[in-house]
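Numbering (my numbering), first residue to last: 102 to 372.
I should point out that these hints are in silico values taken from the structure, not numbers from a laboratory.
Take the hints with a grain of salt, since some may be wrong.
Said to hold, decoys possible - Within a straight-line C-alpha distance of at most 35 Å, the following computed DSBU-like cross-link-like pairs (lysine-lysine) qualify:
1. Lys238 / Lys271
2. Lys256 / Lys218
3. Lys218 / Lys238
4. Lys282 / Lys340
5. Lys168 / Lys271
6. Lys238 / Lys182
7. Lys340 / Lys318
For clarity, every value in this text was computed on a predicted model and none was experimentally measured.
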Amino acid sequence: MSPTLTRRRTVAAAALSAALLAGLTACGSGDDKPAASGTGSAAPSASAAPQANLTVLAASSLTDVFKTAGAAYEKAHAGTKVTFSFAGSQELAAQVKQGAPADALVTADTKTMDGLKSETGDPRIIAKNRLVIAAGKGNPFKIDELKDLADTKLKVVLAAPEVPVGRYSKQILDAQEVEVKPVSQEPNVRAVLGKVEMGEADAGLVYKTDSAKSGDKVVTVEIPDEQNAVASYPAATLKQSKNTEAAAAFVAWLNTPEAQKILQEAGFQQP
102 MSPTLTRRRT VAAAALSAAL LAGLTACGSG DDKPAASGTG SAAPSASAAP
152 QANLTVLAAS SLTDVFKTAG AAYEKAHAGT KVTFSFAGSQ ELAAQVKQGA
202 PADALVTADT KTMDGLKSET GDPRIIAKNR LVIAAGKGNP FKIDELKDLA
252 DTKLKVVLAA PEVPVGRYSK QILDAQEVEV KPVSQEPNVR AVLGKVEMGE
302 ADAGLVYKTD SAKSGDKVVT VEIPDEQNAV ASYPAATLKQ SKNTEAAAAF
352 VAWLNTPEAQ KILQEAGFQQ P
């Protein structure tokens, strides 16, 4: 092969290589343009959203309504599961102090929550409630006011004084100077109601929302506002939570129109 032909082929090969390189560079810069303009970074998809398994400690009187609320929350927040642990507020406080693995707390009174300031975030009231007299089926003793509970023939059951509903009960009975000697003092409002439902007691003081769930198992006797007590339900995140953002989101949600509708349909009052 002549030197001239060799040079021509070398020049042609170099030109072809340059053309291919230029084409690749052009393709690369074309791919980079969307990223540079910000369109190449897509927002996280729903499946990539943070997920959490939340444990919420809640007062016994919230048992039914929170099951409904929890299902609604999970439906609106894919990937988040809410598990509730229900008990008397004083039991919940003891669990928190013992370091129980939980993310949020809802009590049936502000006093219990206030005693846990070092363990919780700032609480917010999510609902209110009132007391009623739950009389046995058919109300055979014709109970229609607080003073009737002083009848020594009656078997009256109350919550223990360290339980919020027990404390409210003592407050309204003392204010009306009604002396009651309960046949038992229960650890939470559901236990009080259960005694009346099963006929083990003739009457008891419970929250209006709990009595309403009993149907014809008990007769609900209203207590006038001027003789009654208002129970406030504060909710707060727990500082020991490992899901702080998700816990805060749930607590905030409890004051949204959706959650408030669920609470009010169950008989709770606006905060």
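Results for each hint:
Straight-line distance between C-alpha atoms of lysine 238 and lysine 271 comes to about 24 Å, which keeps the hinted pair within the 35 Å bound. As the CA atoms of lysine 256 and lysine 218 are separated by approximately 38 Å, the hinted pair breaks the 35 Å bound. Note on lysine 218 and lysine 238: the hinted pairing is violated, with a Cα-Cα distance of about 42 Å set against a maximum of 35 Å. Of the pairs offered as hints, the one joining lysine 282 and lysine 340 is violated, with about 41 Å between alpha carbons and a cut-off of 35 Å exceeded.
A threshold of 35 Å between alpha carbons decides the hint, and for lysine 168 with lysine 271 the separation of about 29 Å falls inside it, so the pair holds. Under the criterion of a C-alpha separation no larger than 35 Å, the hint pairing lysine 238 with lysine 182 is inconsistent with the structure, at around 38 Å. For a cut-off of 35 Å, the pair hint linking lysine 340 to lysine 318 is broken: about 41 Å separates their Cα positions.
Taken one by one, the earlier hints fail for this structure at numbers 2, 3, 4, 6 and 7, listed in ascending order.
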